[in-house]
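Model the placement of chain B on the given structure of chain A, informed by the hints.
Going down the list, the sequences are from chains A and B. Using my numbering, you'd call the opening residue of the first sequence number -7 and step up by one each time. Using my numbering, you'd call the opening residue of the second sequence number 1095 and step up by one each time.
Calculated directly from the structure, the hints in this document are not laboratory data. C-beta: ideal position from N, C-alpha, C; glycine also. Treat the hints with caution; some may be incorrect.
Between beta-carbon pairs, the in silico distance windows are [said to hold, decoys possible]:
| hint | chain 1 | residue 1 | chain 2 | residue 2 | range |
| --- | --- | --- | --- | --- | --- |
| 1 | A | L121 | B | Q1117 | 34 to 44 Å |
| 2 | B | D1135 | A | G220 | 21 to 31 Å |
| 3 | A | V5 | B | G1133 | 27 to 37 Å |
| 4 | B | P1166 | A | G220 | 27 to 37 Å |
| 5 | B | K1179 | A | D42 | 51 to 61 Å |
| 6 | A | V212 | B | Q1117 | 43 to 53 Å |
| 7 | A | W163 | B | V1160 | 50 to 60 Å |
| 8 | B | V1195 | A | L122 | 41 to 51 Å |
| 9 | A | H24 | B | D1135 | 21 to 31 Å |
Listed below are the residues making up each chain.
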Amino acid sequence: MKRADQHIQQQIVDLIEACAGYWELRGIAREHITQMQLELEQHLQQAVSDGKSLEAVVGPNPAAFAEAWAREMRPRVFRSGARVLRGLVYALSVVSTSALLSQLLAHSPAFTFTLFAAYLLIGSGLLALLLQLGGFLAPRISARAGREALVLAGVVLAVLVLRLAGLTVNWSITLLSWSWPVSIVLLTLAVGLFSLDCWRTFHRVQASPASTSWPTLRAVTTFVASVGVFDVLLFVGSVAVFDFCRLALRLV
Amino acid sequence: MDTRSTQLLKGTLDMCLLATIAQRPCYGYEMVQQLAQQGLDLVSEGSIYPLLSRLQHLGYIEGYLVASRDGPQRKYYRLQPEGVKQLERWQTEWEAFAQAVERILKGARSDEESRPAHTATDR
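So that you can see chain A by itself, here it is in the shape it has in the complex:
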């Protein structure tokens, strides 16, 4: 029984996260999103405790419910820029740190940004967004693992269809190449933009009634850690893929 409760709680959390992510993309002000999340969560909790399903609250199509509510909240396109800015900061941080690291480790004066790196960056950003919006499936597919598997299967299927359609890509093609001073400029830009975003978040948190400095501190730590992990993944991924391709070519 307790396990079933935890399961439903997870479904509620995922559904609310998906709605919040969608509302942010639609350009609804953050303070409104917080209130909408609060209202929806309390409604879902009460409905579940009264023995109702999540579908009884959000209907058969939760995305349509989120869109209907978003339309009435006077969304502004420029507000969705906040999420784009966060993505840009993340991409800049990953690219500049990995460029600096590779220039330092390989003692090479220039860094080459390949199509594979661009694909990995954009692909992982889109995948993170899709996994968050996958919460819309929570009333139908209760297990998070099931939803994630469905999203991943969709991505793999799309890649396979493109491959079968005859799309061949040279992953090692160089898109951009730059020297170490440019990497430092990019890193400075990323730090500046990240500080701006943190300052904005900090002021918003301070304005809220239950304010603590922990969420901002946690956000900074999480961000730095995730950039580090992504750098490692990018490096390992590039080396592994290129080595695999070289080996495959030799065998052929």
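Below, chain B alone, put in the same frame as chain A:
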């Protein structure tokens, strides 16, 4: 609930919500419960929230947070002076509409009752 009732409720839900809030300030789930007590079951309960946002933007109602002892704050809605006027307008409109529909239905019913006699004379 059949499709016609759903359609009828869809068209009048904003008015029903305004009337519910006019009785006393309440929060979303409370409104759904009050509607259900009156025999109006919503297909998706969450459909009240887009309407509440619309009513709020039109200045008919106002949302405010109330501190709760057991958990986080809860959002309540209360009627605004513009909402009182709008509710009166909607009530007048609805009564005129309902009377017109009732007259048509009564006419159809009396036609039905008199039909067997007509059929008998035709034969």
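Hints, one by one, checked against the model:
1. A/L121 to B/Q1117: 34 to 44 Å: holds (43 Å)
2. B/D1135 to A/G220: 21 to 31 Å: violated (53 Å)
3. A/V5 to B/G1133: 27 to 37 Å: Check passed, 34 Å falls within 27 to 37 Å.
4. B/P1166 to A/G220: 27 to 37 Å: holds (34 Å)
5. B/K1179 to A/D42: 51 to 61 Å: Distance hint for B/K1179, A/D42 is violated at roughly 35 Å.
6. A/V212 to B/Q1117: 43 to 53 Å: holds (49 Å)
7. A/W163 to B/V1160: 50 to 60 Å: holds (57 Å)
8. B/V1195 to A/L122: 41 to 51 Å: holds (48 Å)
9. A/H24 to B/D1135: 21 to 31 Å: holds (29 Å)
Checked against the numbered hints above, the structure breaks hints 2, 5 and satisfies the rest.
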